[in-house]
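Q: Based on the provided sequences and hints, a complete structural model is requested.
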Amino acid sequence: MDKSQCKEHARYMVTLRDEGGRLRPENLYVYRCYDDFMVVRFLDRDGFVHKLRYGDVVKVVKVMEVPPKKRYLLPEALLAKEQWQDKEVLHIYATSPGLGK
14 MDKSQCKEHA RYMVTLRDEG GRLRPENLYV YRCYDDFMVV RFLDRDGFVH
64 KLRYGDVVKV VKVMEVPPKK RYLLPEALLA KEQWQDKEVL HIYATSPGLG
114 K
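Using our numbering, read the sequence shown as starting at 14 and increasing by one per residue.
Keep in mind the hints are simulated off the structure, nothing from the lab. A few of these clues could be false.
In silico DMTMM-like pairs for lysine to aspartate or glutamate, Cα to Cα no more than 25 Å straight-line [to be verified]:
hint, residue 1, residue 2
1, K94, D15
2, K82, E21
3, K83, E32
4, K16, E89
5, K100, D69
6, K72, E32
7, K20, D69
8, K72, E101
9, K83, D31
10, K64, D15
11, K64, D31
12, K100, D48
13, K72, E21
14, K16, D48
15, K16, D31
16, K82, D49
17, K64, D49
A: Right, here's the structure in full:
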């Protein structure tokens, strides 16, 4: 995957290579796309916000646009590129779409 395939505020079904070299399916929500990485939330994991390099994505299976009312929102300061220079994970819980939960 490269930056040209990245869309902000979209859900992705992808195949990632884990630390052991095995291929794993993942569902993720993309907040921001930068030149070398994207800021994502893994929907099937811990709910934290992660930095994901494009090279870690082996295959994009499906991309789904997210309507504005169902987007996960975070303050711009937390999504800024400078925040992610020395981080891999932001240990705050990502917000849920405002669906009355």
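Q: Now tell me, hint by hint, if it's right for this structure.
A: Consistency of the hints with the structure:
Taken as a hint, the K94 and D15 pair is honoured in the structure, with Cα atoms around 17 Å apart against an allowance of 25 Å. Distance restraint check for K82 and E21: the Cα-Cα separation of roughly 15 Å lies within the 25 Å cut-off, and the hinted pair is therefore satisfied. This hinted pair does not check out: K83 and E32 have alpha carbons roughly 32 Å apart, beyond 25 Å. Taken as a hint, the K16 and E89 pair is honoured in the structure, with Cα atoms around 20 Å apart against an allowance of 25 Å.
Of the supplied pair hints, the one linking K100 and D69 holds, its CA atoms being roughly 16 Å apart against a limit of 25 Å. For the hint linking K72 to E32, the alpha-carbon distance of about 16 Å falls within 25 Å, and the restraint holds. Distance hint between K20 and D69 is fulfilled; the C-alpha atoms sit about 16 Å from each other, no more than 25 Å. About 21 Å separates the Cα atoms of K72 and E101, which keeps this hinted pair within 25 Å; it holds.
Between K83 and D31 the alpha-carbon distance is near 29 Å, which puts this suggested pair outside the 25 Å criterion. For the suggested pair K64 and D15, the alpha carbons sit about 14 Å apart, so the restraint of at most 25 Å is met. Under the criterion of a C-alpha separation no larger than 25 Å, the hint pairing K64 with D31 is consistent with the structure, at around 14 Å. For the hint linking K100 to D48, the alpha-carbon distance of about 16 Å falls within 25 Å, and the restraint holds.
For the hint linking K72 to E21, the alpha-carbon distance of about 18 Å falls within 25 Å, and the restraint holds. As the CA atoms of K16 and D48 are separated by approximately 6 Å, the hinted pair is consistent with the 25 Å bound. Straight-line distance between C-alpha atoms of K16 and D31 comes to about 21 Å, which keeps the hinted pair within the 25 Å bound. As the CA atoms of K82 and D49 are separated by approximately 28 Å, the hinted pair breaks the 25 Å bound.
For the hint pairing K64 with D49, the CA-to-CA distance comes to about 10 Å; that is within 25 Å, so the pair holds.
Going through the hint list in order, the structure does not satisfy hints 3, 9 and 16.
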